[in-house]
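**Q** As a plain string of letters, each chain reads:
Number of protein chains: 2
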Amino acid sequence: MELIVQKFGGTSVADAERIHRAARRAIRAKQEGNKVVMVVSAMGKSTDKLISLARDISDDPPRRELDMLLTTGEQVSISLMAMAIHAAGHEAISLTGGQIGLITDSVHTKARIQKIGTDRIRQELENDRIVIVAGFQGIDESGEIYTLGRGASDTTAVALAAVLGAKYCEIYTDVDGVYTTDPRIEPKARKIEWISYDEILELASQGAGVMHSRAIEFGKKYNVEIHVRSSFTDFSGTWITHEEEHMEHIVVSGVTVKKDLAQFVLAGVPNQPGVAANIFAHVAEHGVVVDDIIQTFDQSGHASISFTVEESDLSECKLVAEEIRQAYNLSEVICKEPVAKVSAVGVGMRSHTGVAQKMFKALAEAEVNINTITTSEIKISCVIDPDQADDALRVIHAAFELDKEPE
Amino acid sequence: MELIVQKFGGTSVADAERIHRAARRAIRAKQEGNKVVMVVSAMGKSTDKLISLARDISDDPPRRELDMLLTTGEQVSISLMAMAIHAAGHEAISLTGGQIGLITDSVHTKARIQKIGTDRIRQELENDRIVIVAGFQGIDESGEIYTLGRGASDTTAVALAAVLGAKYCEIYTDVDGVYTTDPRIEPKARKIEWISYDEILELASQGAGVMHSRAIEFGKKYNVEIHVRSSFTDFSGTWITHEEEHMEHIVVSGVTVKKDLAQFVLAGVPNQPGVAANIFAHVAEHGVVVDDIIQTFDQSGHASISFTVEESDLSECKLVAEEIRQAYNLSEVICKEPVAKVSAVGVGMRSHTGVAQKMFKALAEAEVNINTITTSEIKISCVIDPDQADDALRVIHAAFELDKEPE
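First to last, the protein sequences are chains A and B.
The numbering of the first sequence is my numbering, which starts it at 1 and goes up by one.
The numbering of the second sequence is my numbering, which starts it at 1 and goes up by one.
Each hint should be verified, as a subset may be incorrect.
Each pair may be met inside one copy or between any two copies, as identical chains are not told apart.
What the hints assert, rightly or not - Calculated lysine to any residue pairs in the SDA-like style (CA-CA distance at most 25 Å, straight line):
(1) K30 - A389
(2) K167 - E2
(3) K49 - A88
(4) K115 - S213
(5) K30 - S58
These are computed hints drawn from the structure, not numbers from a lab.
Chain A on its own, in the form it takes in the complex (with noise of 0.2 Å):
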């Protein structure tokens, strides 16, 4: 008898008809003859409206009481669920995240998963009933409860499919899938049917909402097939795996981009060891977030270094760039905002040549003017004019045929 794990995120158990929908999908893959754990996340807005009312007690409330709040959220619907599945006559039982014995480390509101006990959900299962399970939630080893990070019932789902070696674990959504881009900007974008850890991974990263990118990571280690898919239909949606052979013959499988970024350009810097270190040490004792950082250097022998942060971060970021000009004496400090940056992700450009060609080549005939590029194995980003992204997002898409069906 096969083991499945069932993630519902909060549009799919938003209200009592939408329950009813999630719970007859459980009982239907368990009357198909599996073992069914399902996941579930807290409904609709309702981790929105805890955090609003934290906010109307205080500005600033401590962390361990945010998770103490809104672990309630899940609490709720893994009940109304198993009331749910109850109702239409089959057993089941709801679990929170300390009674399986999800244990967490001890940073209150992005704790990180220590362990999972099976001994409970192993035994539900054995007594013929489906087993619920609170998502983004744990305990320490003294009892305390904590959060595992906004969206982590994503990285619930796929630690217990791990550690229950599950068959594969369905994430239901309220998109069918993953598409080669956004089709708010390009509606000739076409659903994925397969990819590989490594993508989904840089898409997430570079803009792409799709999942939780630990949850990604908890699948390509412990090798947990996802199938990320809607929760109102019954179209197959994308399945997510370890890279295959037929993955490398696609170039490029997505195509992405991110806004609202704000790029700083530090010239002159003395080209001495450690000096990148100290001044990344400096932008994140600001917490700031940095995106992507380029490193180029001139005859001279100083360096440039170029990074991107979001906008959001834009003031705090020109204060400590002005402290840096000022402790490296530097002439200059360049801030160009808004900027946006469109990438190219997919595993074939490992064996294939000519992927930065042809990208660069599709924006020179787009007009699109690039700032600055930086490549991994699998990406290809460039720096533009955001009044031209969503232009040079489409002439990317078309010029890798993403919008046509692969061999």
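Let chain A serve as the given structure and place chain B on it in line with the hints.
**A** Below, chain B alone, put in the same frame as chain A:
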């Protein structure tokens, strides 16, 4: 250093402003040199809202899942309370029933407290924190979550006061104490300063909505002084304590009325051992809750058994009565409905004579006809016509001069 337990009901934590007000009370008590443990109910109508969520899903939700659902209400309010105390610059920590080790039996939705751990609470109090405990909930030895029944946050508070050896237990609510009678019916009703556990238990069982009865029983058993008071004023409320000598001078402490009752009379019942037991076992099997029972006998050696039930149980009880009529071959079963019951309660009855006579005389002067009478050591009840109930209450209140301060 003394320890005080403060319990805040749903109306006392219904919104952010009220939560801040409750937080200030706890902080003040701490600043006055006390250790403070708070017990908090779910916010306002939130328990009702959770129940209605469950009803949207299922007509008959499993009790286990109801407990899983409902305990989130208190978890929300304790975390918000801790945030409010932190925001005011003081240390606090919220703890669930499970976290303090409040162990119950295994009866979902109406579990009973088996034992309460004090180590965790004492440790947090030693760390100079205000400890905020979720009312109404506990876990069993296996970690399953249970609730103690509606209104049972009072019980949590008094039980905690008992095990912690608190100086007293404050019950903050939306009324400013216990009254001699319902002020909506008799505007001359007066707030009672001191009252005994036994009296308040009788008042509660005769229809005065004061406090959860089990909480009072706990207070009596473990000698916890309870102070029922308003969360909106600083006035002293009503102290509930062991019977003291001065209380005996007060013949009647309070007068209550219970409306919407139905009265059944079974006449000509064979007067043999076991008959009453059989009849009421039958009634209980149908889930009908019996209020007062009266049995008398006639010259023929037959018994007449009369009892009152809530009108909500009327149709079910009519079926039971008909079954009993057939089983014992009774000529007739009388059902009178609606009826009302007025009661006078006071420990002074034990040492004073003429109390019943004074009550009957007052009713006679007001031309109130009495159907049946029952008495206990500290209570006299008369079943009457509901149209005369309010008048009856007022004349009894006046006859015992309850509108005047006791000497």
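**Q** For the identical chains here, do K49 and A88 meet the 25 Å Cα criterion within one copy, between copies, both, or neither?
**A** Result: close only across copies, 23 Å inter versus 30 Å intra.
**Q** 25 Å Cα cut-off: does K115 pair with S213 within a copy, between copies, both or neither?
**A** For K115 and S213, the Cα distance is within 25 Å only inside one copy (19 Å; across copies 44 Å).
**Q** Regarding K30 and A389, is the shortest C-alpha distance of 25 Å or less found within a copy, between copies, in both, or in neither?
**A** neither (46 Å within a copy, 59 Å between copies)
**Q** Checking an output row: K30 and S58, CA cutoff 25 Å. Within, between, both or neither?
**A** Close across copies (21 Å), not inside one copy (45 Å); limit 25 Å.
**Q** Tell me, please, which holds for K167 and E2 at an alpha-carbon limit of 25 Å: within, between, both or neither?
**A** Classified as within; 6 Å inside a copy, 59 Å across copies.
The earlier numbered hint that this structure contradicts is number 1, and it is the only one.
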